[in-house]
Amino acid sequence: MGLEEKAGDLGIVTTTLEGVVNWGRTKAMWPMLFGLACCAIEMMAGQASNYDMSRFGLELMRASPRQADLMIVAGRVSRKMAPVLRRLYDQMPEPKWVVAMGDCASCGGVYNNYAIVQGVDEIVPVDVYVAGCPPRPEALIDGILQLHEKIKRDKITDHADGKPIRIEQAERGALKPLG
Amino acid sequence: MIDRATLEQRVSAQFPTVRIGDESGDLCLTVERQQLPALAGWLRDEPDLAFTFLNQLCGVDYLGRDPRFEVVVHLTSFQNKMRVTLHIEVPEADPTIPTLARLFPTANFQERETYDMFGIIFTGHPGLERILMPEDWLGHPQRKDHPLGYEEVAFTHNEDWIYANKPFAKE
Amino acid sequence: MVMHAHAYPDIEIPTPSQIAAVALNNEPDENGEQSMVLSMGPQHPSTHGVLRLAVELNGENVVQLAPDVGFLHTGIEKTIETKTYTKSIVLTDRMDYLAPMSNNMVYVAAIEKLMQQDVPERAQTLRVLLLELTRINSHLVWLGTHALDLAAMSVFFYAMREREYILDIFEMLTGARMMTSYFRVGGLAWDIPADFIPTVEDFLTHFLPKVDEYEDLLTNNLLWKQRTKGVGVVNAADAIALGLSGANLRASGVDWDLRKTMPYSGYETYQFDVPVGQAGDIYDRYRCRVQEMRESVKIARQAIERVKQMHGQPYVTENRKVAPPPKSEITYSMESLIHHFKLWTEGFRPPRGSAYAAIESPRGEIGCYVVSDGTPKPWRVHFRAPSFINLQALPHIAKGKLMADLVALIASIDPVLGEVDR
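Chains as they are written, first to last, in the UniProt record's numbering: chain A, 1 to 179; chain B, 1 to 171; chain C, 1 to 422.
Note that these hints are calculated values from the structure, not bench results.
Even for Gly, the Cβ is constructed at its ideal location relative to N, Cα and C.
It is possible that some hints are incorrect.
When the alpha-carbon atoms are kept at most 20 angstroms apart in a straight line, the in silico SDA-like pairs for lysine to any residue are as follows [unchecked claim]:
| hint | chain 1 | residue 1 | chain 2 | residue 2 |
| --- | --- | --- | --- | --- |
| 1 | B | K144 | C | K342 |
| 2 | C | K377 | B | D94 |
| 3 | B | K144 | B | P98 |
| 4 | B | K144 | C | R352 |
Some chain A residues close to chain C (C-beta under 7 angstroms, calculated; not the full set) [claimed, not checked]:
| hint | residue |
| --- | --- |
| 5 | R25 |
| 6 | M29 |
| 7 | F34 |
| 8 | A37 |
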């Protein structure tokens with residue numbers, strides 16, 4: 001049913017290039033295996049038996065940033081950790097996204113003090129903020145689905161969305177920007 | 001097993017200058033810093049005392065008091081099921097204290113933490129450097145005169161100003 | 001019990017910069033062999049958080065290593081100084097985030113010791129029940145991740161499955177899965193819901209056979225034994241010198257459990273055994289912790305029986321200077337209204353002084369040192385974090401071991417980086 005019916009006997013589906021690229025990006029996102037604090041335990045719970053994030057294509061957590069395209073900042077980011085976090089982000093290949101999981105990563109949470117960066121958006125650009133201290137695994141999954149919705153609206157030609165590097169990569173690779 | 005009264009007697013016989021007090025039910029010994037290694041070593045090595053386990057070592061900043069700092073050490077004797085507190089006063093002008101890391105290896109990290117947080121220097125420590133804060137950090141955050149580092153909370157009346165000045169990351 | 005005839009051990013704990021210095025002056029020796037310095041972490045799948053290890057390697061063997069911590073330093077101790085005693089309970093949850101109830105407990109225990117505040121018996125019993133559930137919860141995460149680090153992935157899924165039951169119980173009780181903040185000075189934050197006790201009973205009945213299931217997967221598993229037996233041995237004298245506590249200490253044959261030796265919250269009235277190992281290797285630490293889960297079930301069952309007998313008794317102290325009055329009382333009692341107002345605007349004032357309290361958390365002896373200057377905010381709060389101190393053993397036990405064993409060693413110490421760095 002579904003796709004097979006629409007495709008008929010030809011085995012061909014027509015869609016836009018953007019549609020298929022964005023679809024591909026959302027269906028096999030590999031998050032970086034990167035836990036900081038309490039939220040990381042809920043992230044683990046999200047991967048474990050009861051919540052099973054693999055259902056949404058987050059099958060593999062990659063420990064190497066070179067193989068990951070989603071950074072889930074799960075926990076508080078200290079001043080000592082901040083340069084490391086930025087470096088990990090820089091090591092991730094484009095296209096890449098960041099989810100700030102929990103209050104500490106979003107805004108510093110209960111720790112308004114010398115040690116904690118007041119929101120990871122001071123270090124890396126954040127796509128989705130997930131509230132909660134820590135957020136339930138459902139909340140994290142919802143945050144990632146929200147990110148999927150955002151990616152589906154991405155235009156690979158769009159220079160104005162503040163992500164010029166992604167276009168450069170498209171130019172280097174097989175995907176030529178349209179127009 | 002020895003009881004608390006015996007311990008007090010033995011301490012005052014061996015170290016007459018040590019002040020004996022009480023800290024919420026635990027025996028509390030206030031000791032001059034030069035005497036600390038001798039006292040701690042004696043407590044550790046006397047077979048009937050055997051305070052072999054160092055629970056914790058931390059600093060306290062009594063800002064406005066003289067001497068300003070205090071190092072607090074808790075020792076436990078497994079044999080006697082007893083805990084004893086050592087208080088060592090450290091003046092601000094000369095914040096040094098002999099290390100316990102040679103006597104109790106477990107004091108190593110805790111002395112580094114106390115140095116990091118209060119700037120108390122443990123002379124003779126095998127590797128006294130910052131442990132929790134970055135190496136290039138200035139100041140000692142848990143001193144009372146060090147600011148908490150409070151960042152203004154955004155409300156509707158000030159959020160425009162805050163978000164205009166917040167250092168958001170660029171891609 | 002404690003062997004002390006010969007010299008107390010002196011153990012070197014290198015610092016990261018000392019290891020880095022090796023890398024700078026690294027010349028091959030006469031055989032042409034040269035050591036390599038490797039930085040492991042802070043982002044590494046098996047460091048259980050953001051621990052960095054500076055490791056000097058000779059081939060695959062660890063020559064020496066130094067833990068570099070502080071990547072999760074949160075300034076909790078300093079932040080507590082700016083809040084009232086009750087408000088800070090929330091912050092203590094987030095230190096050892098696998099055992100929030102233990103953190104709450106040690107913090108309120110220190111304040112209660114300072115104020116000489118009594119706790120009603122029912123509250124004490126419920127505390128014991130919750131502390132044991134927390135212990136199971138924490139050990140389950142330890143077991144799952146420990147096995148995962150040694151490539152036994154299914155145990156992780158088994159352990160996390162049962163953990164969700166405990167989290168559901170916590171959620172039913174407090175509204176939060178992990179950060180419960182349920183303990184208050186003088187008792188608990190509110191009363192247990194009506195179906196709490198039957199749910200916990202169901203869980204305990206369900207859980208006990210599952211421990212056998214984990215053991216079936218690991219205890220006699222040849223691969224597991226080969227990776228853990230005889231690896232990372234700490235003898236009793238070294239364990240005490242390094243300040244190890246909890247299962248790490250008991251696996252080395254030292255029978256020291258604060259629940260037995262310096263009881264708190266009425267633990268002396270419960271029947272349970274303290275599992276003690278002999279070899280002090282990873283396998284014994286594993287056996288101790290797994291057995292502790294069974295003992296926790298035993299204690300929890302006794303606590304449940306007592307709570308059932310204590311129906312209607314208070315869950316928090318009647319001392320209105322410390323615990324707020326019930327809402328119903330405020331409507332007719334002027335004095336209660338004043339107490340309520342004073343507590344929520346100002347907080348209570350412990351006497352001047354200091355106190356150190358310690359309890360047996362899943363990781364070992366967690367201690368809290370509180371200094372009060374007589375104001376509603378603490379002057380200084382320091383936590384003896386068992387993970388922080390246990391981590392010092394890593395350079396000692398990893399010396400000469402294989403790089404692959406290092407992963408197992410970290411997991412067997414069971415550090416929680418939130419607590420290491422605070």
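Hint check:
1. B:K144 to C:K342: Violated, because 27 angstroms separates the two Cα atoms, which is more than 20 angstroms.
2. C:K377 to B:D94: Not satisfied, since the Cα-Cα distance of roughly 29 angstroms exceeds 20 angstroms.
3. B:K144 to B:P98: violated, 23 angstroms
4. B:K144 to C:R352: holds, 18 angstroms
5. R25: Since the shortest Cβ distance to chain C is 23 angstroms, the answer is violated.
6. M29: violated, 18 angstroms
7. F34: holds, 6 angstroms
8. A37: Status holds, d = 5 angstroms.
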